[in-house]
Amino acid sequence: MGLGSRAGLSAFVAFMVGVVTILSLLLGDNPALFGDQPGSDELARRLALPGDVLLRLVVIVVAVSIVIGIANLLFVHIGRLARRKFISAVLLASFGFTIYWYVTRQGDTSLLEAVQVPIESSLAALLFLSLALGGARVMRKRADIWGMLFVAVALVVLLGSLPLAELAPVKAWSDWLMSAPVSAGARALLLGIALGAVVAGVRALLGQDRAYRAYRG
Amino acid sequence: MDDTTLQVYSLLFVFATVVLVYTARFFQARRGRRRRQRQIAGFERIPQWTTQSIESNRPLHLAYGGAAVGGDNTPVTLAGAEFFHQVIEGANASDASPLVTMSAPETIPLGQDTLRRAWHKGDTLSRARWLPPGLAYAGAVTASMADDEPTAHIMAGQFGPELALLLDSASRHGQPSLAVSDRLDGGAVAYAMADYVLIGEELYAAAGYLAEDSPARADAAVLDVWRALILLGVTALLLLEFSKQLAVLSGPLVAVVAAILVLLGLVSYRRR
Chain A
1 MGLGSRAGLS AFVAFMVGVV TILSLLLGDN PALFGDQPGS DELARRLALP
51 GDVLLRLVVI VVAVSIVIGI ANLLFVHIGR LARRKFISAV LLASFGFTIY
101 WYVTRQGDTS LLEAVQVPIE SSLAALLFLS LALGGARVMR KRADIWGMLF
151 VAVALVVLLG SLPLAELAPV KAWSDWLMSA PVSAGARALL LGIALGAVVA
201 GVRALLGQDR AYRAYRG
Chain B
1 MDDTTLQVYS LLFVFATVVL VYTARFFQAR RGRRRRQRQI AGFERIPQWT
51 TQSIESNRPL HLAYGGAAVG GDNTPVTLAG AEFFHQVIEG ANASDASPLV
101 TMSAPETIPL GQDTLRRAWH KGDTLSRARW LPPGLAYAGA VTASMADDEP
151 TAHIMAGQFG PELALLLDSA SRHGQPSLAV SDRLDGGAVA YAMADYVLIG
201 EELYAAAGYL AEDSPARADA AVLDVWRALI LLGVTALLLL EFSKQLAVLS
251 GPLVAVVAAI LVLLGLVSYR RR
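Going line by line, the protein sequences match chains A and B. Residue numbers for the first sequence, in this note's numbering: 1 to 217. Residue numbers for the second sequence, in this note's numbering: 1 to 272.
Rather than coming from a laboratory, the hints here were simulated on the basis of the structure. Note that beta-carbon positions come from the ideal geometry of N, C-alpha and C, so glycine has one too. There could be a bad hint or two in this list.
[What the hints assert, rightly or not] Simulated coverage check for chain A against chain B, where a stretch passes if three residues somewhere in it have a Cβ under 8 Å from a Cβ of chain B:
1) 17 to 31
2) 35 to 48
3) 133 to 146
4) 186 to 200
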């Protein structure tokens, strides 16, 4: 089978699976769509079945993919070790030791809690510093009216969140900012993202996505 | 609005998008010339980064973050893959294979496929790297910034506040960055800290800006059409609501104001 026909086949399969899933999700489990005719409940249930099966398959594939992720991590670091990047040995040794610990101590996760949790906590603390620094850098990177507005709004919201009676007017401003302009802006952003998602979804549904096109190799 | 009506509207919306996509592609193919698009600084900077990658033999870092195939953010993952494909094709003359990172394991096959399709010099398996999610991802990528010394970072996918760690580290290493996230908190961090930022649906139009093929440009045009229609609808509804609440406003006055607003919108759009 040539590249073109293979790409055509995969695009066709993608199209069929997409159409079946979307129709099944939209029409299934909704007897009201078929009026009060006898058997409409059974028809709606049957229409929902293909969508359910395909979505369950997705869940299984996603669950299996975590194994692929771990294999990828190990493969990458073994390769790095072969190129004399010895820091990867630490990761491989930690991986092996954690597995050994878990198996020999009957599922004891104290090692994970003793190492992973403190490290993530310190990263979270660093994150706070990075965010504060980032806020301070806004004026350097965006020295325009929008940068100033960004910093002013951030300051008002931060001050408004302080539990001080003297800052009650600022809190009122902060509440208004959060409920009106921020909410409107957030909705506009989400609307844009949703529009983009629909167009990207339609591309995939029609088998026009790059993954279904011929692979040049 | 009950479920049935909502489902019918959803189907109609998807169907209308399909019709628009095909119509836009038809006209784009017939017209033959490049549609004028508004300028987005981030897209204009990418050719410079790919050139730097070629000249310095240092890789580009392309990050999906937590974007995953199979979940709610599948479209953003596919849009990111298309974007990365165009970037990698531009950097093909470099000897350093781009580095693709992700924290969702189900994105590994997509990342490797993107690399395989666009990068024709091998070494693709080890260059698509899965890293544990959340802060661990940020920590691991931060470490690789010193190790791999990427020319630039293009982060397109799902990121939360942990993006601050990545962008701060990139900035300290003198490595430029472009970031876009489908999460609002990640988007805010990107706006504040990235050198270049894409907002909202701009990621989905990326291929239309970077590629020469007309379908991608037609899809970007469809996004613009939908956005314009929604803007018109929202403005019309707003003016109608005002006209009901204020006795001063009459129907013709509302129509005139709406026409002026539309005209101003068109003029400012063409000027951009």
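Hint check results:
A count of 4 residues in the segment 17 to 31 of chain A with a Cβ less than 8 Å from any Cβ of chain B is obtained; the coverage claim is therefore met, three being the minimum. Counting residues of the segment 35 to 48 of chain A whose CB falls under 8 Å from any CB of chain B gives 0; the rule of at least 3 is not met. Requiring three or more residues with a Cβ within less than 8 Å of a Cβ of chain B, the coverage given for the segment 133 to 146 of chain A holds, as 6 such residues are present. Counting residues of the segment 186 to 200 of chain A whose beta-carbon sits less than 8 Å from any beta-carbon of chain B gives 13, enough to reach three: the coverage restraint holds.
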